[in-house]
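J.: So you can see what is in the structure, the chains are spelled out below.
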Amino acid sequence: LAKTTQPISMDSYEGQEVNITCSHNNIATNDYITWYQQFPSQGPRFIIQGYKTKVTNEVASLFIPADRKSSTLSLPRVSLSDTAVYYCLVGDNGVRVEGNTPLVFGKGTRLSVIA
Amino acid sequence: EAGVTQFPSHSVIEKGQTVTLRCDPISGHDNLYWYRRVMGKEIKFLLHFVKESKQDESGMPNNRFLAERTGGTYSTLKVQPAELEDSGVYFCASSQVQRSPYNSPLHFGNGTRLTVT
Chain H
1110 LAKTTQPISM DSYEGQEVNI TCSHNNIATN DYITWYQQFP SQGPRFIIQG YKTKVTNEVA
1170 SLFIPADRKS STLSLPRVSL SDTAVYYCLV GDNGVRVEGN TPLVFGKGTR LSVIA
Chain S
1359 EAGVTQFPSH SVIEKGQTVT LRCDPISGHD NLYWYRRVMG KEIKFLLHFV KESKQDESGM
1419 PNNRFLAERT GGTYSTLKVQ PAELEDSGVY FCASSQVQRS PYNSPLHFGN GTRLTVT
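In order, the protein sequences belong to chains H and S.
Quick note on our numbering: the first sequence kicks off at 1110 and runs consecutively.
Quick note on our numbering: the second sequence kicks off at 1359 and runs consecutively.
In short, the hints are calculated from the structure, not lab data.
Owing to the predicted nature of the structure, the values given are computational and were not obtained by experimental measurement.
Take the hints with a grain of salt, since some may be wrong.
Pairs of lysine to aspartate or glutamate residues, derived as EDC-like cross-links and limited to a Cα-Cα distance of at most 16 Å, are as follows [as the list claims (entries may be wrong)]:
{"hint": "1", "chain 1": "H", "residue 1": "K1112", "chain 2": "S", "residue 2": "E1400"}
{"hint": "2", "chain 1": "S", "residue 1": "K1402", "chain 2": "S", "residue 2": "E1415"}
{"hint": "3", "chain 1": "H", "residue 1": "K1216", "chain 2": "S", "residue 2": "E1400"}
{"hint": "4", "chain 1": "S", "residue 1": "K1373", "chain 2": "S", "residue 2": "E1443"}
{"hint": "5", "chain 1": "S", "residue 1": "K1412", "chain 2": "S", "residue 2": "E1400"}
{"hint": "6", "chain 1": "S", "residue 1": "K1412", "chain 2": "S", "residue 2": "E1443"}
Given the sequences, and given the hints that come with them, work out the whole structure.
T.: Structure, rendered in structure tokens:
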């Protein structure tokens, strides 16, 4: 199973850009990289997904270098409501007879946004 | 669209009792997953349904846990008899079946917090 490593915690002031980097040295060729956000007492919520280079949506950007051994989630101009735990997951997209490898959650990064 | 719903949101039972958790996935999502987080630990995979079939149940801790998804719609997870170490938050997630299910994002419910005393 592809494992990930993220910083345990990060602090930021409101209005700043926050970059959270995730290491996934043993990522497989068919693996996608997906980031989730989780607030207390809620389930994880999908933020963004990518395979290579850069992906951007209305809430975040995801930067993936050519070797794909790491990825960086970028949150522009964070607000207090962005305080949450952010998880980086990798998972294969191959259809196998025995089923796909289940996504593995790590410890995540606890982001605290300060006013 | 309605999201993934789980019932109950909280459950407190005594050791040895039985509890059944329910998950209603997003309509049209054939993939259904159960995860759980016990106190202070990471979110762990339990099992995966594709429609009514168990695709992967490698994460089920023991035979006290029984998951079903009759008809391929909602799913239940029964714990019988419950033990103290079963306490935690049980999450359900669903996703669409594409050629590659794992690049279809998971949509999670808010979980059921189970406390076994």
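J.: For which of the previously enumerated hints does the structure constitute a violation, in increasing order of number?
T.: 5, 6
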